[in-house]
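Enquirer: Residues per chain, in single letters:
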Amino acid sequence: MSGTRIAALLGRLEGELRTLRDGEKFSNKSRISAGNLVFVCTARSIANRYISVVDEMAQRFPSRAFFVAVEGAPTGMRSSADSSTRLDLLGEGAAVRILSAQQLEAQDDEGPRSMMGLAGDSAPPPSMENAADAGPNVDVDGRVYAIETDADGLSDRVDIRGPRAFARHLASAVDALVLPELPVILVWVGAARADDGVFQAFNDDTKRVITDSAYAGLDSLLSIFQWTQEADTRPRLSDLAWVRLGPWQELTARFFDDDRSPLLDVLDRIEISHAAADVGFQPPDCALFTAWIANRLGATLERDSFGYIATQKNGRRFPITVTPVPRPKGVAPGTLASVRFLAKNSEFTAQIKRDLGTGRGDQTADADLLHWHIADGVTVLEQTIRLHSNKVSYWLDRTVRRPDEEPLFVAVLKTLLAMDAAQDRAQESLRG
Amino acid sequence: MSNPLREGLEAGRVVPPCTVVIFGAGGDLTRRKLMPALYNLAVSRALPGGFAVVGISRGEKSDDAFREEMHEAVGTFSRKKPIDPGIWTDFAPGLFFQAGAFGEAETYAKLKERLDTIESSRGTKGNRLFYLAVPPSEVRGIVEGLRGAGLVEKHTSISELPFTRIIAEKPFGHDRASAAALNGLLGEVFGERQVFRIDHYLGKETVQNLLVFRFANSLFEPLWNREHVDHVQITVAEDIGVEGRGRFYEQTGALRDIVQNHALQLLCLTAMEPPISLHADAVRDEKVKVLRSLRPLGPRTIRSSVVRGQYTGGFVRGDEVRAYRQEPDVAGESSTETFVAMRVFVDSWRWGGVPFYVRAGKRLNRRATEVAIHFKRVPHAIFPVPDGGISPNVLTMRIQPDEQIALRFTTKEPGQNTVLRDVAMDFRYGSTFGSNTPEAYERLLLDAMRGDATLFTRADEAEQQWAFVEPILAAWQENPTPPPMYDAGSWGPEASHELLAADGRRWRKP
Numbered sequence: 001m002s003g004t005r006i007a008a009l010l011g012r013l014e015g016e017l018r019t020l021r022d023g024e025k026f027s028n029k030s031r032i033s034a035g036n037l038v039f040v041c042t043a044r045s046i047a048n049r050y051i052s053v054v055d056e057m058a059q060r061f062p063s064r065a066f067f068v069a070v071e072g073a074p075t076g077m078r079s080s081a082d083s084s085t086r087l088d089l090l091g092e093g094a095a096v097r098i099l100s101a102q103q104l105e106a107q108d109d110e111g112p113r114s115m116m117g118l119a120g121d122s123a124p125p126p127s128m129e130n131a132a133d134a135g136p137n138v139d140v141d142g143r144v145y146a147i148e149t150d151a152d153g154l155s156d157r158v159d160i161r162g163p164r165a166f167a168r169h170l171a172s173a174v175d176a177l178v179l180p181e182l183p184v185i186l187v188w189v190g191a192a193r194a195d196d197g198v199f200q201a202f203n204d205d206t207k208r209v210i211t212d213s214a215y216a217g218l219d220s221l222l223s224i225f226q227w228t229q230e231a232d233t234r235p236r237l238s239d240l241a242w243v244r245l246g247p248w249q250e251l252t253a254r255f256f257d258d259d260r261s262p263l264l265d266v267l268d269r270i271e272i273s274h275a276a277a278d279v280g281f282q283p284p285d286c287a288l289f290t291a292w293i294a295n296r297l298g299a300t301l302e303r304d305s306f307g308y309i310a311t312q313k314n315g316r317r318f319p320i321t322v323t324p325v326p327r328p329k330g331v332a333p334g335t336l337a338s339v340r341f342l343a344k345n346s347e348f349t350a351q352i353k354r355d356l357g358t359g360r361g362d363q364t365a366d367a368d369l370l371h372w373h374i375a376d377g378v379t380v381l382e383q384t385i386r387l388h389s390n391k392v393s394y395w396l397d398r399t400v401r402r403p404d405e406e407p408l409f410v411a412v413l414k415t416l417l418a419m420d421a422a423q424d425r426a427q428e429s430l431r432g
Numbered sequence: 001m002s003n004p005l006r007e008g009l010e011a012g013r014v015v016p017p018c019t020v021v022i023f024g025a026g027g028d029l030t031r032r033k034l035m036p037a038l039y040n041l042a043v044s045r046a047l048p049g050g051f052a053v054v055g056i057s058r059g060e061k062s063d064d065a066f067r068e069e070m071h072e073a074v075g076t077f078s079r080k081k082p083i084d085p086g087i088w089t090d091f092a093p094g095l096f097f098q099a100g101a102f103g104e105a106e107t108y109a110k111l112k113e114r115l116d117t118i119e120s121s122r123g124t125k126g127n128r129l130f131y132l133a134v135p136p137s138e139v140r141g142i143v144e145g146l147r148g149a150g151l152v153e154k155h156t157s158i159s160e161l162p163f164t165r166i167i168a169e170k171p172f173g174h175d176r177a178s179a180a181a182l183n184g185l186l187g188e189v190f191g192e193r194q195v196f197r198i199d200h201y202l203g204k205e206t207v208q209n210l211l212v213f214r215f216a217n218s219l220f221e222p223l224w225n226r227e228h229v230d231h232v233q234i235t236v237a238e239d240i241g242v243e244g245r246g247r248f249y250e251q252t253g254a255l256r257d258i259v260q261n262h263a264l265q266l267l268c269l270t271a272m273e274p275p276i277s278l279h280a281d282a283v284r285d286e287k288v289k290v291l292r293s294l295r296p297l298g299p300r301t302i303r304s305s306v307v308r309g310q311y312t313g314g315f316v317r318g319d320e321v322r323a324y325r326q327e328p329d330v331a332g333e334s335s336t337e338t339f340v341a342m343r344v345f346v347d348s349w350r351w352g353g354v355p356f357y358v359r360a361g362k363r364l365n366r367r368a369t370e371v372a373i374h375f376k377r378v379p380h381a382i383f384p385v386p387d388g389g390i391s392p393n394v395l396t397m398r399i400q401p402d403e404q405i406a407l408r409f410t411t412k413e414p415g416q417n418t419v420l421r422d423v424a425m426d427f428r429y430g431s432t433f434g435s436n437t438p439e440a441y442e443r444l445l446l447d448a449m450r451g452d453a454t455l456f457t458r459a460d461e462a463e464q465q466w467a468f469v470e471p472i473l474a475a476w477q478e479n480p481t482p483p484p485m486y487d488a489g490s491w492g493p494e495a496s497h498e499l500l501a502a503d504g505r506r507w508r509k510p
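First to last, the protein sequences are chains A and B. Counted the way this note's numbering counts, the first sequence spans residues 1 to 432. Counted the way this note's numbering counts, the second sequence spans residues 1 to 510.
Since the hints were derived computationally from the structure, they do not count as laboratory data. Hints may be right or wrong, so weigh each one.
[To be verified] Just some of the chain A residues that point at chain B, by a computed CB distance under 7 Å:
hint: 1; residue: Ala-34
hint: 2; residue: Gln-249
hint: 3; residue: Glu-250
hint: 4; residue: Phe-256
hint: 5; residue: Asp-257
hint: 6; residue: Arg-340
hint: 7; residue: Leu-342
hint: 8; residue: Leu-369
hint: 9; residue: His-373
hint: 10; residue: His-388
Idealized CB from N, CA, C, for every residue including glycine.
Model the full structure from these sequences, guided by the hints.
Expert: If you want it as structure tokens, here you go:
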């Protein structure tokens, strides 16, 4: 690929962005931007579905969003049936409409609330798949779209597509187009590996990288975490699976508020269940939840056939069982289904249970009604709690608005790494 | 022993289980604000596991009828619509109703019995938050009733459990003496840390952001003083009239209704020194210092520095509206002010000589609440510009209706000639953070449950506010001439514009 072609593409994209920002069509829109969001997707099967997530996110969060489709899978990347099932659930009920330039003109009078328009002269194909089909001579291509935000502002989306071999070129093109003075947040779509050249190319100047270990797997998360910890200049790491655990953590902590925290010293057992995943797939939600509990109790973890064994500082050991339950249609594999704490010889029980299969079809792909229950032999307390919509864009928005680095998340990942390291040492010594 | 699972979580502060007892459960405040706020807290998972609400008002009705009424109210006034059946099914069984007259001892004996039962079934652990959503005339009866029935235990520390707290709605009295009497009554029964005087303006995000803006940005605070600030304008403008509250407004007027509390709170947050921490007393100490620094207004100063007005008929947002005196329950010759403007000085090292212009009124041109800092002009004009030179910079913090921060500055118009033009950098909260921010009552109810009084008015603060406005009330009482009239839909009486014109300034048009 010649530098001239990249330069020409950049020139065109810059022109289109100027048209959007300075043109009259959107002159009544606020131009405030809160950041640059760079979505990088390395699998075409995911790309088409993820575009609606990018658009919803750009609607919620005024920004310049880049959607970079890098074609050609790296070697040795894990791809399970589970991840594709999970990815099938992406973008359910997308709230944005894609409009061509002509349609935009026609709708000017209506003033649509949520629309995307092409800045260039010709109507583009709306999907990356179609763009990729444009012809074998097109190595790198790009388009610009306008996205009205929920609050009467204007985000823009820049689509860039190209082969894996030109990942550095693509990253450089993104670099040239980011809004200055604003943070660059990389959202890695799908599985990632820290030693993958594409991943590193896009992490040259990012402040933060966001993964979703529910799709990418725990190994991917831990490998990227280790890479981010190697130097202060590396981006900070956030993970959607971790953020999605937030309500579960809050409700679990509520079990032990007031005068009930001493019960944490006399735990008998913790039972965790999840919507059934593929055999061999370790649901990251369960692992992160378990590691969080262990970390907060100052306990060490070891894996067992039924899940984990936690050993508290006082020497007390208790099992944490992880079991699958049937997965109704529409629920992602590995989704946390329930957690149950038993303490004081089972005199105290506390449970959060998700109503699998009762999600609101119009707003969420997953069930989101939780039942919180506590019984201590004297009082029974119950609460029903609605989680927010399980759309990826909602959780991305929540994640972006949280601090770049969460010490608790770092500590929990270190707990998982310590468990793996201890396990490796034990196996080594057995072999030795 | 603290709960180790709480550490590091996003929602760090724990809300203890409690029962909220609302006196005046049949009123507008409960329907429009309190119950929707509590429901919204349930939706956002902010309510504790053990939680109940007991509504009290006259007239018998069953718990189910009360739940049905509240369901309708939440459905109409909640910012989160439609009602989520899953949440409501869980929330509604925690709502109870108790009929009773506030002045009768029997009401409180029954309430005590009811609370004992509810607390055991709902796991609220004896923690009680009494909300007085009633007219001031009812407060004494309720407080004495609570004391008589043994429903209150006086605490000196906010951490004592089980807690008993009371939220009092404004107005806190109608003058300094009545405010002191009210504080005295509350002080006999409750410790000061148990009393939460609510001024819902303080629960608004932008009002809270005044502190963040000033003390988390190094750019503005060095300019925030007499060296750089020419004057400050505080506007609390409403385009609505008295909206059926003529009887209330006849006894209140704009000075008591808005200036004594909301406007002075905005002035305090604008003028206060940095607090040593965000602890409730640290913040309130600084606000009280500002109130004590306000230059007292004597009879002569009141004549020259305070303007009042009353609206006549006119046009607002395209509709023809009637005069104040034609509103229901308003006297035909009423001299109640619906508009106040004043020039105020904060006699402190920081603000010596800087006028703060405050105005508040009804049926004005538009609804707008804002604080505008007008900076001094550049000392020397090197650019040839007509009309008195370069416009000074203005920093505006808009509180409602659209929360925003705007900075006006001067730039060069592109071209061969040096033509200067004012432009505004405009930051709108909604554009960046979305518009679905929590209502003020959600934040304030949650803070009261947690025992955080930072955003509530302290006893001495309330009295100090009255101390400042009381001479004005006295002067008007001594000279009960009708206030100057202004057309509905205008920006107040001519005298208000003259007040600033006398100083060579003019009001902003928000």
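Enquirer: Broken hints, numbered, in rising order?
Expert: 6, 7, 9 and 10
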